[in-house]
Amino acid sequence: MRVLLFGKLKDIIGTNSIEVRGLKRISDLKEFLFQKFPELKNQTFSISVNFEIVLEEDLEIKENDEIALLPPISGG
Amino acid sequence: MKGKKFREYLVYGKIKNSVRKHCLNCGAIITFEGVVRGDKVGNSRVKKIKYESYEQMAEKEIDKIRREAIEKFKLHDAVIKHRIGEVKVGETALFVAVLSEHRKEGFKAIDYIVDEVKKKVPIWKKEILENKQSRWKEND
Amino acid sequence: MKFLKDGYGRRFDYIRISLTDRCNLGCFYCKKSLFKPLPRSEILTLEEITFLVSVFREQFGIQKVRLTGGEPLLRKEINKLIENISGMNVKIKITTNGVFLDNFIEFFKEKKVSVNVSLDTLNEEKFFKISGDRNLKKVIDNIQRCASSGINLKINTVALRGINDDEILNLINFSNSIGTEIRFIEFMPFVDPETWRTYFIPEEEIKRKILEKFSMRFLEDSGTAYVYKLDNGGRVGFISTVSRPFCDSCSRLRITADGKIVLCMFDKVSYPLMDFLRPNIRESDLIDFITKVVKNKPRGFIELKGEPAFEMTRLGG
Chain B
1 MRVLLFGKLK
11 DIIGTNSIEV
21 RGLKRISDLK
31 EFLFQKFPEL
41 KNQTFSISVN
51 FEIVLEEDLE
61 IKENDEIALL
71 PPISGG
Chain Y
1 MKGKKFREYL
11 VYGKIKNSVR
21 KHCLNCGAII
31 TFEGVVRGDK
41 VGNSRVKKIK
51 YESYEQMAEK
61 EIDKIRREAI
71 EKFKLHDAVI
81 KHRIGEVKVG
91 ETALFVAVLS
101 EHRKEGFKAI
111 DYIVDEVKKK
121 VPIWKKEILE
131 NKQSRWKEND
Chain R
1 MKFLKDGYGR
11 RFDYIRISLT
21 DRCNLGCFYC
31 KKSLFKPLPR
41 SEILTLEEIT
51 FLVSVFREQF
61 GIQKVRLTGG
71 EPLLRKEINK
81 LIENISGMNV
91 KIKITTNGVF
101 LDNFIEFFKE
111 KKVSVNVSLD
121 TLNEEKFFKI
131 SGDRNLKKVI
141 DNIQRCASSG
151 INLKINTVAL
161 RGINDDEILN
171 LINFSNSIGT
181 EIRFIEFMPF
191 VDPETWRTYF
201 IPEEEIKRKI
211 LEKFSMRFLE
221 DSGTAYVYKL
231 DNGGRVGFIS
241 TVSRPFCDSC
251 SRLRITADGK
261 IVLCMFDKVS
271 YPLMDFLRPN
281 IRESDLIDFI
291 TKVVKNKPRG
301 FIELKGEPAF
311 EMTRLGG
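Residue numbers (our numbering), protein chains in the order written: chain B, 1 to 76; chain Y, 1 to 140; chain R, 1 to 317.
Pulled out of the complex, with its shape left as it was, chain B reads as follows:
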């Protein structure tokens, strides 16, 4: 599944998208990302799945889901 990165997170990880496999829940994804990119631990961000912000950590994620890490919004 594709994980899109925006704003500061894009700069930290170095790209605007990565592909991950074999992760079943949001909590797994977070754990994996923190382990892989420790600088993420200091960042605030929310997670969207298929364009909707999700809050439940044990939400299941499927192979074709589009996930995005969204830093605090600063538009307007």
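Rather than coming from a laboratory, the hints here were simulated on the basis of the structure.
Check before you lean on any hint, since a few could be wrong.
What the hints assert, rightly or not - Using 27 angstroms as the maximum straight-line C-alpha spacing, the simulated DSS-like pairs for lysine-lysine come out as follows:
hint: 1; chain 1: Y; residue 1: LYS50; chain 2: Y; residue 2: LYS64
hint: 2; chain 1: Y; residue 1: LYS137; chain 2: B; residue 2: LYS10
hint: 3; chain 1: Y; residue 1: LYS64; chain 2: B; residue 2: LYS62
hint: 4; chain 1: Y; residue 1: LYS119; chain 2: B; residue 2: LYS30
hint: 5; chain 1: Y; residue 1: LYS132; chain 2: R; residue 2: LYS292
hint: 6; chain 1: B; residue 1: LYS10; chain 2: Y; residue 2: LYS119
hint: 7; chain 1: Y; residue 1: LYS132; chain 2: B; residue 2: LYS10
hint: 8; chain 1: R; residue 1: LYS154; chain 2: R; residue 2: LYS138
hint: 9; chain 1: R; residue 1: LYS93; chain 2: R; residue 2: LYS137
hint: 10; chain 1: B; residue 1: LYS10; chain 2: Y; residue 2: LYS14
hint: 11; chain 1: R; residue 1: LYS36; chain 2: B; residue 2: LYS62
hint: 12; chain 1: Y; residue 1: LYS120; chain 2: B; residue 2: LYS41
hint: 13; chain 1: B; residue 1: LYS10; chain 2: Y; residue 2: LYS126
hint: 14; chain 1: R; residue 1: LYS76; chain 2: R; residue 2: LYS64
hint: 15; chain 1: R; residue 1: LYS5; chain 2: B; residue 2: LYS41
hint: 16; chain 1: Y; residue 1: LYS14; chain 2: Y; residue 2: LYS118
hint: 17; chain 1: Y; residue 1: LYS137; chain 2: B; residue 2: LYS36
hint: 18; chain 1: Y; residue 1: LYS50; chain 2: Y; residue 2: LYS120
hint: 19; chain 1: B; residue 1: LYS24; chain 2: R; residue 2: LYS36
hint: 20; chain 1: Y; residue 1: LYS137; chain 2: R; residue 2: LYS292
Just so it is clear, the structure is predicted and the values come from calculations on it, not from any experiment.
Using the hints, position chains Y and R against chain B.
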């Protein structure tokens, strides 16, 4: 008005006029432009802002906010446009126009819409300073 | 030019590029049937592959390129691709199932392409059981022709308990007879744990079988394979990801058929490159990105153990 500024006004004029309808009850067209400020940052100033967006989600959210505002404030129409990419100091980044029966609800709607855009729409701004440094900004 | 190094100080000098996710065989351990073929539009074009190789060569000093797949010989215009990269001063290698090799022998000889052919059995029925295909005779024929042509050829055999463990000596005799090196590859846990346990044979056991007939003298550690010389002069290698992970000396970076960088077969993350290639090529952004991303290479199988996340079809071995 010269060149680019004139073109911009043309665009904004178009946007504003897009809410103007053949409508017997419409008494107010209210517009808002969010303009880029040249804030002082350290010993430099903001030169321009680069707006980045999660396009598909942003469109969805903007649409939602528009529909919510129309319903909540009984508007006859509303239009919300946010520029993406580089916007210089003094230029407009966010444009909102509403068409309402009376001005009271129109002003409230504008306020609501701008608040919601700043809270919900996945757009991020990176301040690019005169001294070429840049930083990602966060809304309060 | 700056050599690419990961966070553990390992230097990259070897890229493996998958030219296609299609394969004419269906070897059960590759699980091809589980994955939908990539739409053509998502596969790297020849120009894009050529460009990537040139970037890795010019900017990062990569010395070796291995063309993989799926089955790389299925890629249209592979000759054109090899023509393009043969002028770049990199060693070109290819891994193939050998079915179509006869069409390429002269060309590979001319372009000095080194060839690894996968051969898991000498038995037609078993070949069919493993791959679902009946072209074994052609493969063996092609291997022989390739060997006589003077191409640098090696045979890769995945050791599968209950399938080819009784052919180890036969396979060695075959490769000795044509003067090539054969490498036994430990079955990697790319499948579910139960299947893996059913078929896995450790290097030690393979060695024991060989020692029943031959004596072996350690020759060299090629980085991936431990190579031995047999008393009859033949060479046998062991690529043992499980028993003897060679992660610490890994210098490999893989690019999938759809343009994603995979730093380790056992990693869960891959890094898409398409944004740097389409709609326009952004070379310096790409270079910055590669430099940055390689720092994320995990320590390897030794650290990540468990089911690898990537399908071999898009990655090549």
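Evaluated hints:
no. : hint                  : result
1   : LYS50/Y <-> LYS64/Y   : holds (24 angstroms)
2   : LYS137/Y <-> LYS10/B  : holds (14 angstroms)
3   : LYS64/Y <-> LYS62/B   : holds (26 angstroms)
4   : LYS119/Y <-> LYS30/B  : holds (23 angstroms)
5   : LYS132/Y <-> LYS292/R : holds (22 angstroms)
6   : LYS10/B <-> LYS119/Y  : holds (20 angstroms)
7   : LYS132/Y <-> LYS10/B  : holds (19 angstroms)
8   : LYS154/R <-> LYS138/R : holds (17 angstroms)
9   : LYS93/R <-> LYS137/R  : holds (24 angstroms)
10  : LYS10/B <-> LYS14/Y   : violated (35 angstroms)
11  : LYS36/R <-> LYS62/B   : holds (16 angstroms)
12  : LYS120/Y <-> LYS41/B  : holds (23 angstroms)
13  : LYS10/B <-> LYS126/Y  : holds (12 angstroms)
14  : LYS76/R <-> LYS64/R   : holds (22 angstroms)
15  : LYS5/R <-> LYS41/B    : holds (25 angstroms)
16  : LYS14/Y <-> LYS118/Y  : holds (24 angstroms)
17  : LYS137/Y <-> LYS36/B  : holds (25 angstroms)
18  : LYS50/Y <-> LYS120/Y  : holds (18 angstroms)
19  : LYS24/B <-> LYS36/R   : holds (20 angstroms)
20  : LYS137/Y <-> LYS292/R : holds (24 angstroms)
In this structure, the one hint that does not hold is number 10.
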